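A.B. asks: Work the whole structure out from these sequences, hints included.
Going down the list, the sequences are from chains H and Z. Take the first sequence: its position 153, counting from 1, is numbered 153 in this note's numbering, and each next residue is one higher. Take the second sequence: its position 171, counting from 1, is numbered 171 in this note's numbering, and each next residue is one higher.
Treat the hints with care, as some may be off.
Because identical chains cannot be distinguished in the list, a pair is counted as satisfied if it fits within a single copy or across any two copies.
[Stated by the list, open to error] Simulated crosslink set (SDA-like; lysine to any residue; CA at most 25 Å straight-line):
(1) 40 - 54
(2) 334 - 321
(3) 334 - 319
(4) 24 - 330
(5) 384 - 340
(6) 40 - 322
(7) 40 - 16
(8) 40 - 27
(9) 334 - 31
What the hints contain is simulated information worked out from the structure, not anything from laboratory work. Keep in mind the model is a prediction, meaning the values are calculated, not measured.
There are 2 protein chains.
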Amino acid sequence: MQQIGIGLLGFGNVGSGVVRTLLKNADLIAVRTGFQLLLKKIAVRDCQRERPVQVDPSLLTSDAESVISDSGVDVVVELIGGTDVARVLTLKSLAMGKPVVTANKALLAECGDEIFGEAERRDVDLYFEACVAGGIPIVQSLREGLIANHIHSIFGILNGTCNYILTRMQREGLPLDVVLKEAQASGYAEAEPGLDIDGWDAAHKAVILASISYGFHAPMGDVLVQGIREVVQTDIRAALELGFVIKLLAAIQHVEEGVAIRVQPALVPQDAMLASVNGVFNAVLVDGDVVGETLYYGRGAGADPTASAVVSDLVNVSRNLVAGSQRRVPALAKHHQYRGMRSTSDLLTRYYLRFTLADRPGVLAKVTNVLGRNCISIASMNQKDPLPGEHAEVIIVTHASQEHNYDTAISEIDQLDGVVDPTVRYRIEDFHRIESGRVALNGLLVGGVGD
Amino acid sequence: MQQIGIGLLGFGNVGSGVVRTLLKNADLIAVRTGFQLLLKKIAVRDCQRERPVQVDPSLLTSDAESVISDSGVDVVVELIGGTDVARVLTLKSLAMGKPVVTANKALLAECGDEIFGEAERRDVDLYFEACVAGGIPIVQSLREGLIANHIHSIFGILNGTCNYILTRMQREGLPLDVVLKEAQASGYAEAEPGLDIDGWDAAHKAVILASISYGFHAPMGDVLVQGIREVVQTDIRAALELGFVIKLLAAIQHVEEGVAIRVQPALVPQDAMLASVNGVFNAVLVDGDVVGETLYYGRGAGADPTASAVVSDLVNVSRNLVAGSQRRVPALAKHHQYRGMRSTSDLLTRYYLRFTLADRPGVLAKVTNVLGRNCISIASMNQKDPLPGEHAEVIIVTHASQEHNYDTAISEIDQLDGVVDPTVRYRIEDFHRIESGRVALNGLLVGGVGD
Numbered sequence: 001m002q003q004i005g006i007g008l009l010g011f012g013n014v015g016s017g018v019v020r021t022l023l024k025n026a027d028l029i030a031v032r033t034g035f036q037l038l039l040k041k042i043a044v045r046d047c048q049r050e051r052p053v054q055v056d057p058s059l060l061t062s063d064a065e066s067v068i069s070d071s072g073v074d075v076v077v078e079l080i081g082g083t084d085v086a087r088v089l090t091l092k093s094l095a096m097g098k099p100v101v102t103a104n105k106a107l108l109a110e111c112g113d114e115i116f117g118e119a120e121r122r123d124v125d126l127y128f129e130a131c132v133a134g135g136i137p138i139v140q141s142l143r144e145g146l147i148a149n150h151i152h153s154i155f156g157i158l159n160g161t162c163n164y165i166l167t168r169m170q171r172e173g174l175p176l177d178v179v180l181k182e183a184q185a186s187g188y189a190e191a192e193p194g195l196d197i198d199g200w201d202a203a204h205k206a207v208i209l210a211s212i213s214y215g216f217h218a219p220m221g222d223v224l225v226q227g228i229r230e231v232v233q234t235d236i237r238a239a240l241e242l243g244f245v246i247k248l249l250a251a252i253q254h255v256e257e258g259v260a261i262r263v264q265p266a267l268v269p270q271d272a273m274l275a276s277v278n279g280v281f282n283a284v285l286v287d288g289d290v291v292g293e294t295l296y297y298g299r300g301a302g303a304d305p306t307a308s309a310v311v312s313d314l315v316n317v318s319r320n321l322v323a324g325s326q327r328r329v330p331a332l333a334k335h336h337q338y339r340g341m342r343s344t345s346d347l348l349t350r351y352y353l354r355f356t357l358a359d360r361p362g363v364l365a366k367v368t369n370v371l372g373r374n375c376i377s378i379a380s381m382n383q384k385d386p387l388p389g390e391h392a393e394v395i396i397v398t399h400a401s402q403e404h405n406y407d408t409a410i411s412e413i414d415q416l417d418g419v420v421d422p423t424v425r426y427r428i429e430d431f432h433r434i435e436s437g438r439v440a441l442n443g444l445l446v447g448g449v450g451d
Numbered sequence: 001m002q003q004i005g006i007g008l009l010g011f012g013n014v015g016s017g018v019v020r021t022l023l024k025n026a027d028l029i030a031v032r033t034g035f036q037l038l039l040k041k042i043a044v045r046d047c048q049r050e051r052p053v054q055v056d057p058s059l060l061t062s063d064a065e066s067v068i069s070d071s072g073v074d075v076v077v078e079l080i081g082g083t084d085v086a087r088v089l090t091l092k093s094l095a096m097g098k099p100v101v102t103a104n105k106a107l108l109a110e111c112g113d114e115i116f117g118e119a120e121r122r123d124v125d126l127y128f129e130a131c132v133a134g135g136i137p138i139v140q141s142l143r144e145g146l147i148a149n150h151i152h153s154i155f156g157i158l159n160g161t162c163n164y165i166l167t168r169m170q171r172e173g174l175p176l177d178v179v180l181k182e183a184q185a186s187g188y189a190e191a192e193p194g195l196d197i198d199g200w201d202a203a204h205k206a207v208i209l210a211s212i213s214y215g216f217h218a219p220m221g222d223v224l225v226q227g228i229r230e231v232v233q234t235d236i237r238a239a240l241e242l243g244f245v246i247k248l249l250a251a252i253q254h255v256e257e258g259v260a261i262r263v264q265p266a267l268v269p270q271d272a273m274l275a276s277v278n279g280v281f282n283a284v285l286v287d288g289d290v291v292g293e294t295l296y297y298g299r300g301a302g303a304d305p306t307a308s309a310v311v312s313d314l315v316n317v318s319r320n321l322v323a324g325s326q327r328r329v330p331a332l333a334k335h336h337q338y339r340g341m342r343s344t345s346d347l348l349t350r351y352y353l354r355f356t357l358a359d360r361p362g363v364l365a366k367v368t369n370v371l372g373r374n375c376i377s378i379a380s381m382n383q384k385d386p387l388p389g390e391h392a393e394v395i396i397v398t399h400a401s402q403e404h405n406y407d408t409a410i411s412e413i414d415q416l417d418g419v420v421d422p423t424v425r426y427r428i429e430d431f432h433r434i435e436s437g438r439v440a441l442n443g444l445l446v447g448g449v450g451d
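C.D. replies: Spelled out as structure tokens, the structure:
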């Protein structure tokens, strides 16, 4: 039986999952594919470290380049993470004509032009299913299963850490910092949680999904990114009362003028499929012009789910090696059917706004006055009677207005005398398809009016 | 740009969708793939008939064989349906070494051994994404995306017609025959609805999913098939009160001894993702040993969603033609990692039972007595006070017992004096994973005890 030699760069959490899967299901993968995936070398920082899965110590090396150049290694799996060493080694492997499988979303989102470009120039495979939504085969589904479709929009719950935190806050009534600490203790959140809870990880994944859907590398700089640090119990309870749940939602939407990408906490209607995606699970809702809505759901992180995606990529690359069909599906098939990125500043959006105001006459009037002047009209307003000495929390749900109107209004409001804390805002998402650029409720506006 | 010639067999509903998609998104598909999919010939029964999509009349022919043998046709798309002409033409095409894309689930489920065998013998591609769950790329996800996984189970809502009927019955309180008639009038159900509402269509799809997951062609004869004809409002309301909704559910489950396939109306917990799959939508919940649970959701039927799947298959086959990598992914990679089919008769299952009894003393006692003697113990029982002159309807929810115990008990009960109508039974599904063959609640039992 033909053998494909695998070289791993990195043997951390995901690396252990990949090794465990390759060992555990070796026979099954072999009978399904007709070849064997053989672990040849593993680059590690410390060869002596204890690991959750045992391998022959002779496979380990601290010299990552020797893994790439090893003649027995047919495919390189990059699991180091980050954009420094991982970038250099990925480029080196591609330059040598060796296919790369990667789980490194930051690398592809930040340096996609360079990495995708090198894969194309060297005519070599680059697979990255594990970069988005863990074990869910969303990359292959978008690139292959839905290839006949013009993609109207993609809405995703793409960060398991944030979804875990928001789910526990909602179910247990706990504040964010308590849940975050527990999540860190149990391994659901990093010691340095900013990448996740400030929305950057979800933005990396959104950029990858957008790139493969629209045929150009979407630059991170054009993505509107807002994390979940401001979410408090008041918001979660108010959202529930309004018929919503709060999710960190990535939205990739197409209009005639291009592609807009936003990652924001969003109020999602309770009867939407995405509202029932809880805990560490991820889900991606894709709206294609031929297929309509499809949704993909599963564990978005963790050693084993990610390993499932990495090994499926390994099989895909290996099939290409066996059949001589490298770049049968290009990593990024560049084209110009779409007009590039579009600014989010004139997106038409409904918002949930929370104001913390001094409890005295006239403050709220000033706030609503500023909203009105900025073409933001109010759909509903709620203020609970504050306890003596407390500030008033006012929650306003708006009708749709352009993003820049909110920017202007809120920066003005936050300067007002009597406005105690910075205004908090979360998008209200109703998943309307944007047919022509002009939308009923939420989404994108083409040269339209405020309300 | 390279061109791939397409020959269509059949130009009905799905055929029109395929043609519409090939025309509408031709440019997009071309820039994404680097080749053009060109419609060369279409076999129809009546060349004069009006069709919802216009094509050059010279493409049409009533001679199907001429489509297959046309030297300009590189890929044949079989959209005739049924197992007669479609079987002959599919085999002919494969025998000529011409790849086939098919949406014909009945053909693959009923004649899979022959069709898959011929594809293997002739070393030619056979793709069938459109056979299961319309536009959802579930076949590719199982064969490729989840290839690293041993599949514990697959639960699917696979028939859009049944799901549409059950959803409307639940939402509108209407009886089945009224909803069915309306569904027929609006095109959601066939004039001859048996294939759908008696469960056979879902069983065909389940057989295909099982075959690609377990590496052998699962015979239809070993599938337990029960349709939805018996579902009445009493059941739907009782299920809701118990915290469930009724779905026609296909269950493919693996235990040490093999694979069991069942299609039955089932009570699904209201908080399960599958419970929120409504109307004509389909969903498939896959439990893999590495990835855990993943779910795939979308429109399960209709011209366009099905066309999305057909065209994605066309692209896959064309990529193989271009790269010279035919059978890169075999239609059915046969192997012997699993022990074949397993009888459903000793599956451990909880059931919802509805008895229609004469309203007089002692009848219910006789019924429960028979259940007890057959190792079926009662979890809950509900009887509404019947109106004078009416029969009593008794609903019993059981603890888990083996399928054959229910068979024996019910055939005995239905003979009892005072039992007015045949007993109605629906499975209660809680989606427990079967780790070792012995299960907590619902699923399969290996040599176990009744309760």
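A.B. asks: Checking an output row: residue 384 and residue 340, CA cutoff 25 Å. Within, between, both or neither?
C.D. replies: neither (45 Å within a copy, 64 Å between copies)
A.B. asks: Give the relationship of residue 40 and residue 54 under a CA distance limit of 25 Å: within one copy only, between copies only, both, or neither.
C.D. replies: Classified as within; 14 Å inside a copy, 57 Å across copies.
A.B. asks: Measure nothing new, just compare the shortest in-copy and cross-copy C-alpha distances for residue 334 and residue 319 to 25 Å and report within, between, both or neither.
C.D. replies: Both, since 23 Å and 17 Å are each at most 25 Å.
A.B. asks: Can you give me the call for residue 334 and residue 31, within, between, both or neither, at a CA distance of at most 25 Å?
C.D. replies: between (35 Å within a copy, 8 Å between copies)
A.B. asks: Within, between, both or neither: how does the pair residue 334, residue 321 come out at a Cα-Cα threshold of 25 Å?
C.D. replies: both (23 Å within a copy, 21 Å between copies)
A.B. asks: Can you tell me if residue 40 and residue 16 fall within 25 Å by alpha carbon in one copy, between copies, both or neither?
C.D. replies: Classified as within: same-chain Cα gap 15 Å, cross-chain 51 Å, threshold 25 Å.
A.B. asks: Within a copy, between copies, both or neither: which one fits residue 40 and residue 322 at a CA-CA cutoff of 25 Å?
C.D. replies: For residue 40 and residue 322, only the intra-copy Cα distance (18 Å) is at most 25 Å; the inter-copy one is 32 Å.
A.B. asks: What label fits residue 40 with residue 27 when the C-alpha limit is 25 Å: within, between, both, or neither?
C.D. replies: within (17 Å within a copy, 43 Å between copies)
A.B. asks: For residue 24 and residue 330, with the copy left unspecified, which applies at a CA distance of at most 25 Å: within, between, both, or neither?
C.D. replies: between (30 Å within a copy, 23 Å between copies)
Checked against the numbered hints above, the structure breaks only hint 5 and satisfies the rest.
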